[in-house]
Amino acid sequence: MLRYIGKRLLLGILVLFGTSILIFFIARVVPGDVANIALGSRATDAAKEAFREELYLNDILPVQYIKWLGDILHGDFGNSFITKRAIATDVKQFFPATAELVLMSGMFIVIGAFSLGILAGRHKNTWIDGLIRVLSYVGIAIPAFVMAILLLILSSRFFPSIPVLGRLSTSITPPTNITGLYIIDGLITGNFVAAGNAFVHLLLPSLALAIGPIVQEGRVLRSSLVDNSSKEYMAVSTGHGLPTNVLINKYLLKPSAAAMITVMGMDFASLLGNAFLVERIFNWPGLSRYGINAMLNKDLNAICAVVLVIAVTFFMVNLIVDLVLSKLDPRMRIGG
Amino acid sequence: MEDKKKKVIISPSTKENIKIYFYKFRQNKLSIAGLILVLVSLFFAVAATWIVPYPEHIGAYVDYANAGLEPGADHIFGTDVMGRDVFSRVIYSFRGALIMSVVVLAISVPIGTFLGLLAGYYHGTVIDSIIMRITDVFLSVPALILALSIASILKPNMMNSMLAVTIMWWPWYCRLVYGQASSISEEYFVKSAELVGASKSHILLREILPNCLSPILTKMALDVGWVILMGASLSFVGLGEQPPTPGFGTMISDGAKYIPDMWWMTIFPALGVAFMILGFNFFGDGIRDMFDKGGH
Chain D
1 MLRYIGKRLL LGILVLFGTS ILIFFIARVV PGDVANIALG SRATDAAKEA
51 FREELYLNDI LPVQYIKWLG DILHGDFGNS FITKRAIATD VKQFFPATAE
101 LVLMSGMFIV IGAFSLGILA GRHKNTWIDG LIRVLSYVGI AIPAFVMAIL
151 LLILSSRFFP SIPVLGRLST SITPPTNITG LYIIDGLITG NFVAAGNAFV
201 HLLLPSLALA IGPIVQEGRV LRSSLVDNSS KEYMAVSTGH GLPTNVLINK
251 YLLKPSAAAM ITVMGMDFAS LLGNAFLVER IFNWPGLSRY GINAMLNKDL
301 NAICAVVLVI AVTFFMVNLI VDLVLSKLDP RMRIGG
Chain R
1 MEDKKKKVII SPSTKENIKI YFYKFRQNKL SIAGLILVLV SLFFAVAATW
51 IVPYPEHIGA YVDYANAGLE PGADHIFGTD VMGRDVFSRV IYSFRGALIM
101 SVVVLAISVP IGTFLGLLAG YYHGTVIDSI IMRITDVFLS VPALILALSI
151 ASILKPNMMN SMLAVTIMWW PWYCRLVYGQ ASSISEEYFV KSAELVGASK
201 SHILLREILP NCLSPILTKM ALDVGWVILM GASLSFVGLG EQPPTPGFGT
251 MISDGAKYIP DMWWMTIFPA LGVAFMILGF NFFGDGIRDM FDKGGH
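Each protein sequence line maps, in turn, to chains D and R.
The first sequence begins at 1 in my numbering and counts up one residue at a time.
The second sequence begins at 1 in my numbering and counts up one residue at a time.
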């Protein structure tokens with residue numbers, strides 16, 4: 001098991017180096033004169049020269065890359081072209097908000113997909129199953145950013161009291177910073193008002209991200225439940241007279257969940273991507289909104305930082321998914 | 001009679017086989033629904049400028065007297081803040097979405113397929129490692145995020161958004177074909193082709209490639225919807241079609257500024273995207289069933 005994790009980590013680090021080369025290439029080679037983008041074409045030559053010195057632009061490309069990577073490995077992502085702030089500080093400030101949003105959607109997805117999948121599997125070929133099937137088509141057809149806007153429209157019609165923008169109402173002071181996740185910080189420090197307010201603010205954006213995956217992955221679970229329930233071991237267990245709940249939860253769910261969890265791992269990429277648009281719509285002060293603003297302002301250093309942080313996050317989540325899968329299915333441990 | 005039977009087995013494109021394929025395709029009612037949605041989308045895309053009620057509203061047209069009208073008899077989807085007919089603009093957006101997916105797939109599929117064939121055939125060699133590690137790198141960041149980065153660094157227009165999506169799309173085909181090709185290259189018919197001295201290009205393109213076609217075609221049919229979604233996401237933040245040209249993403253983001261009062265500015269373009277994505281998904285599922293060896 002440890003060897004497997006070690007191998008995965010090593011390969012992952014290799015790929016992440018590749019990712020850094022790719023994003024470096026995109027940010028340094030593609031756009032032409034970086035100094036012009038950062039400072040505008042009317043900046044003085046002296047200012048441009050100083051800027052080139054700061055970004056090592058006078059060196060040849062491979063040397064530029066090595067120096068750039070060296071800085072990043074020391075935690076220095078350079079300064080923002082726009083605000084001149086250190087990007088590392090920005091990332092630290094904005095990352096928790098995105099983490100909170102993604103964790104919350106992840107929780108919704110896991111709970112929702114399991115419930116829908118089991119519900120549809122237990123009532124297969126009834127109207128419940130049919131309804132869930134139709135919902136899954138709706139989930140495919142409506143992109144997350146459209147879902148976000150639909151939720152905004154619906155909530156303003158029917159639940160005008162649900163706050164829709166930002167992480168906290170302006171009247172509420174954020175809880176003491178421990179993890180950076182407002183809900184958890186609020187609960188730890190006993191500041192339940194802030195925790196509750198943060199939760200309500202999280203509701204719509206995390207649902208916008210979660211609804212699509214919930215219905216689609218629920219369908220995945222449903223079909224593997226139906227496939228597995230016709231296997232012989234299930235007939236034997238049923239013949240032994242095991243109660244339905246034990247049968248489903250203990251014997252059927254474990255082998256059936258693997259397919260859905262694999263899909264969840266793959267869908268996590270689009271969840272992170274969609275967060276870029278959803279955070280923008282809900283004005284959610286997270287890393288993704290920071291990233292999309294950086295992109296629209298051609299803030300090259302910030303783009304590199306955000307892409308790298310996302311790549312690392314994505315890699316970690318995939319590692320966790322693989323570990324969960326190998327826990328569920330011992331064959332994975334040998335095969336990997 | 002003998003000859004005819006043999007022909008069926010050798011060539012997959014005989015009349016009988018097409019009949020079998022179409023029989024499998026129409027077994028599922030959803031595939032037929034998908035086909036209809038796809039055909040309607042194609043019709044909208046091709047004929048947009050002739051069938052819409054207000055062709056001049058597609059461009060930079062302003063009529064403040066009729067701005068913000070609710071859906072009604074004259075404008076079935078209402079009008080936007082500039083007084084333009086939303087229905088005409090939604091129908092026209094089908095064209096951009098379809099052009100985008102055709103261009104993206106036409107470029108990225110051959111590239112990905114070719115690289116996947118190479119890596120799969122030279123399984124376990126340096127060529128394999130280099131190609132597949134590069135593929136891993138492209139797949140290590142969510143496609144939308146890298147496409148946004150690329151499109152934002154370039155000049156914001158339709159061309160560059162297509163380029164950005166294309167750069168992110170080939171790795172999927174590379175990985176798909178790689179898996180197929182590396183197992184097929186172990187088969188006896190490939191080994192015997194090698195033995196009789198067939199050229200590498202013959203083995204790759206005439207022996208291995210035809211056996212990878214059905215998963216490639218299935219993925220292409222399913223991918224049209226995803227490319228449209230990606231294109232709409234890019235143009236939603238202003239990195240796609242530039243105004244006044246209508247596109248699903250730009251119309252949705254314009255409309256979002258006026259919700260909930262002028263909901264029709266957002267809902268109808270959103271329905272347009274949903275129409276296309278759903279259509280190509282059902283159609284793609286049908287294609288998959290069609291190539292499915294077991295099943296029905």
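In short, the hints are calculated from the structure, not lab data.
Hints may contain errors.
What the hints assert, rightly or not - Dumping the calculated DSS-like pairs for lysine-lysine here, alpha-carbon to alpha-carbon at most 27 Å:
hint	chain 1	residue 1	chain 2	residue 2
1	R	Lys29	D	Lys298
2	R	Lys24	D	Lys124
3	D	Lys231	D	Lys254
4	D	Lys298	D	Lys92
5	R	Lys24	D	Lys298
6	D	Lys124	R	Lys155
7	R	Lys29	R	Lys219
8	D	Lys231	D	Lys250
9	D	Lys48	D	Lys7
10	D	Lys250	D	Lys124
11	R	Lys15	D	Lys48
12	D	Lys124	D	Lys298
13	R	Lys29	R	Lys15
14	D	Lys48	D	Lys67
15	R	Lys219	R	Lys15
16	D	Lys254	D	Lys124
17	D	Lys48	D	Lys298
18	D	Lys84	R	Lys29
Stated by the list, open to error - Reference excerpt, derived from the structure (chain D facing chain R, CB under 8 Å, subset only):
hint	residue
19	Ala43
20	Ala141
21	Pro143
22	Tyr251
23	Leu277
24	Val317
What the hints assert, rightly or not - Counterexamples of contact, computed for chain R against chain D with all Cβ distances above 10 Å:
hint	residue
25	Phe25
26	Lys29
27	Ile32
28	Arg133
29	Asn157
30	Phe236
31	Pro260
32	Arg288
A virtual CB, placed ideally from N, CA and C, is assigned to each residue, including glycine.
Sort out which numbered hints this structure fails and list those numbers smallest first. 1, 5, 6, 9, 11, 12, 18, 19, 22, 24, 28, 30 and 31
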